[in-house]
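J.: So you can see what is in the structure, the chains are spelled out below.
Protein chains: 4
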Amino acid sequence: MAIVDSWTSARAARQVLGLAHKLLSERGQANSLGLAGDLIEKMGTLPAQAWPIVFDKLAADFNPDPAQVLRAAQAYAATPDGDALLALTAVSEPPRQELFRRLNRAPGGTATLVRMRRRLLDGLKGHDDWRIVDADLLHLLSSWFNPGFLEMRQVDWNSPARLLEQIIHHEAVHAIDGWDDLRRRLLPDRRLFAFFHPQLPNEPLIFVEIALLPDMPDAIAPLIEKRSDPMPPASYKAAIFYSISNCEPGLRGVSLGNFLIKRVAEHLQRELPRLKLFCTLSPIPGFAAWLQGAPALTGPDALPGLKRPQAERAAQALERVRHHSAAALASPAALSDEALQADLRRLAAVYLIAQTPRPGGDPVARFHLDNGARLERLNIGGDRSAKGLRQSHGLMVNYLYDLDRIEGHHEAFMQGEIAFSRGVGTLL
Amino acid sequence: MAIVDSWTSARAARQVLGLAHKLLSERGQANSLGLAGDLIEKMGTLPAQAWPIVFDKLAADFNPDPAQVLRAAQAYAATPDGDALLALTAVSEPPRQELFRRLNRAPGGTATLVRMRRRLLDGLKGHDDWRIVDADLLHLLSSWFNPGFLEMRQVDWNSPARLLEQIIHHEAVHAIDGWDDLRRRLLPDRRLFAFFHPQLPNEPLIFVEIALLPDMPDAIAPLIEKRSDPMPPASYKAAIFYSISNCEPGLRGVSLGNFLIKRVAEHLQRELPRLKLFCTLSPIPGFAAWLQGAPALTGPDALPGLKRPQAERAAQALERVRHHSAAALASPAALSDEALQADLRRLAAVYLIAQTPRPGGDPVARFHLDNGARLERLNIGGDRSAKGLRQSHGLMVNYLYDLDRIEGHHEAFMQGEIAFSRGVGTLL
Amino acid sequence: MAIVDSWTSARAARQVLGLAHKLLSERGQANSLGLAGDLIEKMGTLPAQAWPIVFDKLAADFNPDPAQVLRAAQAYAATPDGDALLALTAVSEPPRQELFRRLNRAPGGTATLVRMRRRLLDGLKGHDDWRIVDADLLHLLSSWFNPGFLEMRQVDWNSPARLLEQIIHHEAVHAIDGWDDLRRRLLPDRRLFAFFHPQLPNEPLIFVEIALLPDMPDAIAPLIEKRSDPMPPASYKAAIFYSISNCEPGLRGVSLGNFLIKRVAEHLQRELPRLKLFCTLSPIPGFAAWLQGAPALTGPDALPGLKRPQAERAAQALERVRHHSAAALASPAALSDEALQADLRRLAAVYLIAQTPRPGGDPVARFHLDNGARLERLNIGGDRSAKGLRQSHGLMVNYLYDLDRIEGHHEAFMQGEIAFSRGVGTLL
Amino acid sequence: MAIVDSWTSARAARQVLGLAHKLLSERGQANSLGLAGDLIEKMGTLPAQAWPIVFDKLAADFNPDPAQVLRAAQAYAATPDGDALLALTAVSEPPRQELFRRLNRAPGGTATLVRMRRRLLDGLKGHDDWRIVDADLLHLLSSWFNPGFLEMRQVDWNSPARLLEQIIHHEAVHAIDGWDDLRRRLLPDRRLFAFFHPQLPNEPLIFVEIALLPDMPDAIAPLIEKRSDPMPPASYKAAIFYSISNCEPGLRGVSLGNFLIKRVAEHLQRELPRLKLFCTLSPIPGFAAWLQGAPALTGPDALPGLKRPQAERAAQALERVRHHSAAALASPAALSDEALQADLRRLAAVYLIAQTPRPGGDPVARFHLDNGARLERLNIGGDRSAKGLRQSHGLMVNYLYDLDRIEGHHEAFMQGEIAFSRGVGTLL
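Residue numbers (full-length UniProt numbering), protein chains in the order written: chain S, 1 to 428; chain F, 1 to 428; chain E, 1 to 428; chain U, 1 to 428.
Incorrect hints may appear among the rest.
Identical copies go unnamed one by one, so any copy, or any two together, can satisfy a pair.
Below, a list of computed lysine to aspartate or glutamate pairs in the DMTMM-like style, where the Cα atoms sit at most 25 Å apart [to be verified]:
id, residue 1, residue 2
1, Lys22, Glu411
2, Lys42, Asp61
3, Lys226, Asp189
4, Lys57, Glu93
5, Lys226, Glu165
6, Lys226, Asp181
7, Lys226, Asp180
8, Lys57, Asp122
9, Lys22, Asp404
10, Lys262, Glu26
11, Lys226, Asp177
12, Lys237, Asp156
13, Lys42, Glu407
Honestly, the hints are just simulated from the structure, not real lab data.
Generate the whole structure from the sequences, applying the supplied hints.
T.: Structural data, given as structure tokens:
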């Protein structure tokens with residue numbers, strides 16, 4: 001049985017690769033649509049075991065010819081003119097890219113490539129050589145899913161049930177507990193916006209959820225309470241981005257989130273001119289793990305972003321915190337220990353400010369700070385859920401999006417500098 | 001005055017280039033949208049004289065570094081693995097492409113790039129170095145305007161007046177003489193389909209006009225007669241593509257026409273299953289000029305596609321035809337000289353079959369034959385307009401699209417073989 | 001407290017009636033829109049206790065003047081010409097109708113009148129004098145909600161969640177158990193169509209649910225089983241109308257259901273030409289109650305529709321059935337007693353055929369038979385739910401819609417004749 | 001030939017009337033849709049000569065029964081209760097109305113009735129007995145085309161060409177000279193709004209044209225000059241209704257214009273809050289004819305609306321004006337005679353103020369004044385076109401719509417009082 005399967009898979013893989021070579025060799029474009037259509041159909045029914053064979057071959061057989069590239073590079077180095085450059089680019093781009101572009105021309109091509117990348121990413125660990133296939137896919141998908149081609153749409157209770165069902169399924173941060181919960185998140189003081197691509201018109205790519213509130217919130221529970229009453233419009237002063245979820249793993253690495261947040265902020269500012277504040281209420285998913293790793297806060301390996309007295313105060317706090325077991329730190333009871341909470345908050349500030357620009361830094365912090373947001377406030381007990389206690393010891397962060405200062409913060413972050421409020425500064 | 005202008009232009013060009021460098025150097029993506037927006041705005045108001053400065057710099061300053069490329073090519077030649085390839089592609093792609101991709105992300109970016117290419121193409125003659133800029137633009141635009149991203153829409157009398165106005169303006173083959181003429185071309189036995197891009201939703205990119213007839217037509221006049229009565233649907237047996245016009249010069253070289261023709265043919269076949277025949281009624285715009293050049297039909301320089309007796313018969317016909325002046329050949333009176341017309345038709349067949357695969361071949365023939373159509377019939381007096389007589393001596397051609405044989409014909413054409421009907425064969 | 005309330009109500013009612021008189025007395029139309037708007041607003045916030053006052057006055061004060069009517073009727077009787085008729089209609093139409101027409105002109109007017117009638121119907125029992133108000137409302141609403149003005153739309157999983165929520169709420173025959181149940185009823189082998197009015201664009205007025213099956217079904221459970229797999233399209237041979245629900249009590253008496261069924265049948269016939277059979281699977285809601293009433297099947301009070309031997313056989317069946325208590329007849333155990341079931345089915349046939357044209361006849365039977373359907377089959381144990389056993393002793397009926405014979409059946413029904421199949425005939 | 005025609009017509013008319021009787025006698029509604037559909041089809045192909053036969057019969061055979069009506073009226077006079085009233089309305093409404101309502105239920109019914117009324121109105125002169133048919137049609141059409149059911153849409157250059165073509169065709173006040181002229185009237189400083197009915201979705205019923213200007217205009221020519229440049233939005237202070245045209249003669253007498261003007265004014269006020277003034281620029285189509293009739297301005301037959309000195313001044317002006325022939329008064333040269341123009345303007349003011357509430361008054365004045373507008377200004381030489389000189393001696397009027405005072409003016413007009421500005425007052 002297994003033998004037959006593997007034989008069938010190999011045969012299916014060979015057919016796909018045969019069509020791929022034929023499509024790529026096609027000199028004109030007239031016929032390519034038919035070939036691409038055939039290839040898309042074959043890929044749609046390819047058995048799971050056949051994919052690794054296809055990926056191996058895509059990685060091995062669709063690369064530039066090293067000798068040709070070398071000759072073209074030498075010619076270009078000798079005479080760096082237009083002709084030499086045209087000759088160089090003609091031979092140095094991996095033929096895989098042209099293959100993918102031709103696939104993308106036919107109906108269903110874009111969806112097929114996105115799904116293929118999903119599979120590729122699933123198996124990337126352990127297949128280092130597939131990385132060049134992934135690089136080409138990411139390069140092209142970034143070009144095709146650029147924000148200029150995306151459509152932002154508000155999702156509300158008038159949206160098709162089929163779309164809402166996908167939202168329930170893909171919410172990754174604060175799970176949606178059925179239709180009644182979703183409905184609450186679409187009442188006037190909650191908003192949901194998603195990006196769509198014309199080629200995948202019914203599939204949200206990424207979406208963000210917003211709460212409209214009188215001021216910056218310090219805890220997540222009231223925002224996602226499904227039995228709460230909606231606030232009157234006159235009270236909206238702050239727009240809180242409390243959840244952002246990718247729906248399409250095949251687009252990992254394609255920048256969508258920061259464009260979505262900014263376009264939504266501009267949209268809300270136009271619709272509700274009285275909004276004064278745009279911020280997040282975010283977890284610190286890397287905090288507890290970092291703490292368990294007993295980071296060096298003083299001494300030669302210490303975090304470089306801290307001044308000496310700050311580092312010493314943090315080291316003392318760390319020592320006190322380490323008297324508690326991991327389990328104790330993650331238990332609800334810990335929230336009542338005020339001194340402990342103050343220490344944790346100090347350490348979280350250290351973690352976010354000094355570690356974020358470095359490997360092992362918090363991914364959520366990196367996302368927002370790179371977007372140009374400012375670290376505004378750390379909230380003790382902001383997320384008392386089991387997951388919140390385990391990952392962040394209950395702490396939540398407000399990142400502030402000051403639309404006028406986003407650029408400056410972003411550029412500073414590029415230099416390794418973190419923007420934070422005076423309030424956060426005093427925590428150090 | 002001129003001095004001031006040139007100084008202003010130089011300054012504006014410098015600003016554009018400054019923003020371009022800044023946009024390209026931007027490490028993250030968070031800020032790029034704002035910068036790209038600024039650049040798009042600046043480009044929108046750039047004085048005409050400033051563009052050549054910008055193009056010169058785009059051609060000179062945004063190229064790969066020859067030394068870096070050479071090193072990467074050598075490394076890749078030494079060890080052709082994934083890492084070496086990633087390093088190579090990172091340095092060999094012209095940075096211009098990344099610049100254009102970043103521009104394309106912002107609202108209005110696509111339109112700005114298309115308009116920029118229009119200007120570039122206008123000045124390309126005389127600026128050979130700009131060709132590498134054009135190559136990069138064409139490369140990206142082909143990727144972004146691939147048929148998978150385009151939407152085909154039928155244009156009819158219910159379409160917005162603003163769109164119809166553009167159709168009147170852009171019809172390049174058989175000019176539309178005002179709204180009444182257009183209206184006739186949108187009655188049920190005439191159809192018009194266009195391609196649109198989501199980023200340019202109100203601008204047709206290319207459109208094709210179709211007549212639905214009982215059989216293959218031999219003259220254009222009845223098809224574009226604005227006072228004609230529409231035929232009843234039951235009589236539609238043949239779909240005639242009688243005009244195809246590009247609307248956007250900035251997309252020259254991006255394949256649109258062949259995809260449009262095929263998608264329309266499939267659409268019509270579904271809507272009207274009784275259609276039996278898809279063909280064109282096309283001019284031979286290069287024929288008269290080729291004839292004036294007194295082509296060698298026999299001897300060492302003769303066209304290689306002809307057998308000896310064919311070439312001799314053609315040479316005799318050419319000799320007879322050359323007794324008439326160019327003006328005489330292009331006069332309506334010539335249409336009554338049957339012997340002359342027979343000679344012209346024989347020569348046109350020779351021209352289309354033997355010359356099309358070669359430089360100087362007819363562009364319309366090349367377009368359809370490369371698409372996989374077959375040269376079906378030559379019609380004497382098919383176009384008796386002044387332009388028709390001057391360019392094609394009144395001859396018109398039917399190219400037949402046999403949907404089942406398109407692939408075979410196209411592949412044969414790739415090998416230099418022309419598909420023609422038995423009827424055309426006998427003309428040789 | 002109560003005194004204040006009743007005083008407030010009386011005052012609010014007086015305001016409404018004052019505006020009504022003013023609106024009606026308005027000679028031109030220029031101002032009526034503003035007045036109607038004011039009246040609509042007032043009616044929107046009228047306290048519940050004020051409505052009876054308003055209805056009393058609407059019934060008493062907006063009637064034709066008897067003396068005027070009499071004079072006009074005498075004049076028309078003397079000289080029955082156009083002038084006399086115009087004079088007659090001018091005074092004999094209740095001014096209420098003009099009042100309602102003027103209300104209907106303003107934004108929200110239609111919805112206000114529909115809601116007002118809902119309230120009126122709620123209180124009609126015990127207020128005989130309100131019937132003339134109801135008659136005028138029904139007369140006008142029938143004119144405004146005529147099927148020519150209604151839009152039929154298919155409701156599916158792409159419909160807005162807000163609409164689907166209303167469907168769940170209003171399904172009156174076979175309750176929808178949440179979103180998953182609804183979703184099953186919208187898969188391709190189930191259909192749902194609703195009528196909408198342009199003035200109430202987001203409110204379904206009535207909807208019908210259809211199952212597409214290989215043949216005529218004899219039990220409801222498989223049709224509404226939410227975990228069932230959808231059937232493949234090739235198997236659809238019969239369209240079963242298994243549920244029809246009104247959403248708007250304020251439109252009671254306005255014919256909607258029969259128009260909807262016929263429009264849906266035509267729509268499905270066009271979409272799925274292979275459909276051979278349109279029928280219902282319906283309850284007999286009046287059967288058990290009729291049986292309890294011990295109807296006279298022979299003797300002087302017997303049902304007139306039966307021949308002597310039929311009546312005698314039925315009387316014997318009735319006698320046997322009456323040995324069982326009502327509770328026993330409605331218990332699931334009764335379904336296993338084949339002889340009893342045969343008796344019940346015979347009696348149901350008698351009930352439907354002989355009683356339907358008379359008072360106390362089954363309302364569902366009357367609806368479908370008046371529509372021109374034929375009584376096709378009685379199914380033992382078709383509905384084994386508690387409600388089904390209690391009301392119909394588990395029996396269900398198929399009414400057949402033979403589109404070619406609907407007119408004939410309807411006209412016969414007008415004469416008191418019931419159309420039934422040979423199979424049903426043998427049951428007598 | 002004529003004999004055959006008249007025989008055919010009579011036969012077709014008989015068929016229509018037969019179907020009408022059958023449709024009306026139909027007791028249930030189940031079948032009425034099919035019958036109504038047949039009748040609509042027959043009416044669609046009825047020969048022109050058959051219509052008078054149909055109208056004669058509609059007027060004669062579908063009336064209430066005088067004896068029945070008399071009995072019901074006597075019973076209602078004796079006991080004026082609900083039952084008696086229900087019985088009365090059941091017999092006194094002309095059965096024609098129910099016939100038309102049933103026709104209206106079927107697809108195409110509304111359009112058929114509107115077209116039928118168009119024919120009826122064409123022949124009404126000379127057929128006094130048809131007036132009762134017209135009364136019933138107008139009664140029902142007023143109910144079905146009430147403004148609550150109408151949709152107001154802006155028409156602009158993005159509207160379908162098919163719709164714009166109808167606008168060109170129906171503009172009745174200032175003819176549109178082709179597509180370029182229309183295009184100018186749709187640029188941002190010109191607006192066009194129309195009413196549509198859901199049952200006739202592609203046919204405008206009535207439309208109004210607006211110019212957005214810095215102030216109240218005194219001449220029409222600049223407003224309809226097709227080569228004029230559009231004004232910048234910042235300059236819009238006044239919205240001028242310069243043309244209003246009915247498209248559907250079959251709706252004559254159904255109030256549409258005043259509702260449209262008011263809805264447009266509210267719409268513009270919301271869109272452009274800086275608009276300070278809503279007015280018309282209107283002709284006085286009845287003025288020249290009234291003048292030719294040598295109206296009595298003093299003496300026993302004098303217009304009652306004038307004070308003695310006003311009447312005397314007007315009589316003197318009239319005497320001076322009557323020294324000029326009608327042709328001289330309508331010639332462009334007359335515009336240079338300032339004294340004459342002052343006299344004409346005085347007389348126009350008299351005509352509008354004193355004659356409008358009476359028979360022979362100006363229809364345009366009656367329309368706007370009844371709507372609640374105020375007579376604001378008379379402009380000498382406002383319309384120098386041939387038609388303008390002939391009908392109004394070049395005078396044009398501004399009627400002012402002061403949204404806050406519309407109701408008061410309208411109510412005063414109902415009492416016979418004309419609202420006019422102080423400026424107009426001084427003309428008397």
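J.: Next, verify each hint and record whether it holds.
T.: Hints, verified against the model:
| no. | hint | verdict |
| --- | --- | --- |
| 1 | Lys22 with Glu411 | between (47 Å within a copy, 12 Å between copies) |
| 2 | Lys42 with Asp61 | within (19 Å within a copy, 44 Å between copies) |
| 3 | Lys226 with Asp189 | within (12 Å within a copy, 34 Å between copies) |
| 4 | Lys57 with Glu93 | both (17 Å within a copy, 24 Å between copies) |
| 5 | Lys226 with Glu165 | both (17 Å within a copy, 17 Å between copies) |
| 6 | Lys226 with Asp181 | both (5 Å within a copy, 22 Å between copies) |
| 7 | Lys226 with Asp180 | both (7 Å within a copy, 20 Å between copies) |
| 8 | Lys57 with Asp122 | within (17 Å within a copy, 44 Å between copies) |
| 9 | Lys22 with Asp404 | between (53 Å within a copy, 19 Å between copies) |
| 10 | Lys262 with Glu26 | between (42 Å within a copy, 18 Å between copies) |
| 11 | Lys226 with Asp177 | both (9 Å within a copy, 21 Å between copies) |
| 12 | Lys237 with Asp156 | within (21 Å within a copy, 38 Å between copies) |
| 13 | Lys42 with Glu407 | between (47 Å within a copy, 19 Å between copies) |
In terms of the numbered hints stated before, the structure departs from none.
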